[in-house]
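Colleague: Guided by the hints, dock chain B onto chain A, whose structure is given.
Quick note, the sequences are listed as chains A and B, same order.
For the first sequence, this note's numbering begins at 1 and goes up steadily by one.
For the second sequence, this note's numbering begins at 370 and goes up steadily by one.
Hints are computed from structural coordinates only; laboratory data are not their basis.
Predicted model only: the values in this text are computed from it and were never measured.
Ideal Cβ positions, reconstructed from N, Cα and C, are used throughout, including at glycine.
Examples of chain B residues lying across from chain A (beta carbon under 8 Å, computed):
#1 Y422
#2 P461
#3 V471
#4 A518
#5 A563
Taking CB as the label site, the calculated pair distances span:
#6 B:R638 with A:R129: 37 to 45 Å
#7 A:L111 with B:E591: 52 to 60 Å
#8 A:C327 with B:D614: 54 to 62 Å
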Amino acid sequence: MSAARGARGARGAVRWPGPARSAAAGPGAALAVLVVLALFPRFVSNGLATTIAVYAVLFAAAASAWNIFSGYSGYISLGHAVFFGTGAYTVAIGARDWQLGGDQVFALLPLAAAAAAAVAVPFGLVALRVRRHTFVVITIAVFFIFQLMAFNFSFTAGSTGIIAPILNWQPATYNEPFYYLALAVAAGTAGLAWIIRGSRFGLQLRAIRDDEDRARGLGVRAMQVKLGAFVISAFVTGLVGGIWFYFIGEALPQFAFDPLFDLSVALMAFFGGLGTVWGPVLGALVIESAQQYLTVQITNDYLSEILLGALFLLVILFLPRGVIPTCGELITSWRARHRGRAPAGHAGAGQPGAGQPGAGQPATAGEVP
Amino acid sequence: MTAALRVEGVTKAFGGVQALSGCSLDVAEGSITGLIGPNGSGKTTLFNVITGYERVDAGQVYRGDRKITNLPPQRVFALGIGRTFQLTRIFPRLTVLENMLVASQHGASQHGASQHGPSQHGPSQHGPSQHGPSQHGADRRWRGPLARAGGPADRRRAMELLEFTGIERHAAALADTLSYGQRKLLELAYVLVADPAIVLLDEPAGGVNPSLIQHIAARIRELNAAGRTFLIVEHNMDFVMGLCDRITVLDYGTVVAAGPPAIVREDPRVLDAYLGADDDDKADDDEAGGGHD
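One chain only, chain B, in its complex shape:
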């Protein structure tokens, strides 16, 4: 299997704090890879480095064969890598539907598709959509900067994704009025608008009630079945173990174990570094300088 995403020897320090030191990992194409580790082990920093929010001190990041080290966030996104944030970030003063229209639908899907080509059956499809993949391409109207935001096809696509995540009732509401769980769903939905081939989720189940966690897990499985690759940071072990094909364990900014859940679960280094040492799963608001600026 080829690696959709590859991190090689990435090092990142914030002042005297070594957030990542020689961190290397592969995310296999079409996998759901879990990234776990104690608080401050560098998970969010790794996300920030991959998606262009932090610059590396050393090391490389590859998207397939393409080097994406230190590209700015908008370029990384255009190459088909979408992400959510640990502390959910939406646009509070835009309506839910407007939130869905911010992501550049065309740039990302085109790059994502061409990057992958026929080697993968999924990423250019519309995941949950029952309509064919033609609707993007069909909408070839004038797209100058002053064109009205969101043509009919864009809106249809946005509404489909809102239905997929289950918040379509709130399309016309200001995003500010959504509850915490609904915000998580909105963030997932608008990242999907641009059809990223790889989705990085930072604690999708954090602070969310059990039935919604099940809902989110089901959506991730469905998207994965359509070919999307996931890299997921999560502290909820049931969620991670139940969902992920592979798990990578970070400790002190470096990978201490990687493999299928059953193996990782038994690895003594993991038990030592993580499961045994830290049972305070939820209180995780400060990754070492985790860079929510």
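Just chain A, same shape as in the assembly:
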């Protein structure tokens, strides 16, 4: 099978190798999910359900945005709440200081995204100079700086917080505009994640994830690429923060700059599949819905969080790479067994001794002229 692909490649008709099949299946499935989500409020008018749905879709956008940076580049950020809070406070402060009321506040959303992106530039220029654990620690530190600032500055109103202007919408359909706005942002973000993954930019990000120094030695301008992804990710997260502020109705430092936000988006991405296009979306829809539902049903925050922790442990134990990659592998191997031969994506693994120094060579030397 792989030989056939190689031959085709020689004539320049190479298809995207490996993930081609799942990438082709992606848009179809995504469209189906989008249609279901778009029709959801038509069939469900229960206020609790639609509230949960708004949160779930907002987090789908946030997790997907987080994944564009952290999933693709391998730089795990636990500071994205900085962008979320910046977006929320930008809308809050703008609405208060410019006395915008009602629907007008939505005009501030692009500003929320831009403010978050602007914060990401200096943040990234500092934090992206270091890698791995150090990077994670720096992002957490920057996060706490922002939370402290929100608590202590007068223009953020400190721990009093800022209340959102009242919307005179019908209570029965109050959630709907939020839902569709969030859905549009989530769909746009997932689409962007999909485009980036297939792009040269995305390939460079994934090369940085695998071996940043090697990538630099192949001409990849690592700092620009990482910073670009960081800013794009921040832009969307800020937008989500702005919508969230208006939906929840107030910005308080401990909720706008919430460490649980960072853990949640990371958990959602890990659950669904870090670095995949649809994994974080799936993770967010499942985890956020479950968390919101359990919080309401059990009326006990701790118990719902314990249950989620247990779920996380199960995922780590049985689906360590996330739901989507593991299921993808199961499907691939099932198909391969059906055809009675090794899947293309694992051609090398099928060879005796592949991966062991020395053992694989005779095969290699044998096939070259």
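Modeller: Frame of chain A; chain B shown alone:
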């Protein structure tokens, strides 16, 4: 002959260890130059200094007439200098073909060609390719950052190089699944994607079986015939002596001998420093702080 690559009095210390001290060498345009020396003599450090992975304490590095001292790796690469690593480094979670598409094909080849101009007949050609050099230039589609990775011309070029090195069967496999020897071939192939005029190879024959060594040597000769300059660190003496036009011997971070293989082989300082003193060729994983970070 002009020097494609010139190192002048480069000094580099890691803490108290003097990895390079006043090291100077020329790599002639179009040559295959060997760089040998005992373990810890500074060969890999010299590679790291040339390609921008380490900063020099003193001294200069020139690419032709251009000073490239302390330029970052991506700039050095864009100026037409590609390298492989002693412990082969590929992108394990990308497919083999994706690995081939990481290198920026256009930047490097353009710089490489303009740097050399007509003085050399080779570097802007596509080495082994039977197709003309036009295919790069012909692919002038939109190249924004969000353009799809690898246009048809890029893929064709990638597949040609995979065929050239003999691993085209594995194009769709994850690079992680390749054997050690195949990884060496992949690393060589993706460095060539960008058409570097100068290629630095760090132990291309290390840990590889004899028939594959022959294969690699033949590929290097073929690329050299098309005009590429090579600087090769290698402990396998048959490989070095058979392949290289010139050999430079390092010891304690400084050049102790340089010249054609036949002469260097007989030089008493070399026998003393290297051939006589060290017959443990293969166990060479720690060049003095050799900087695999």
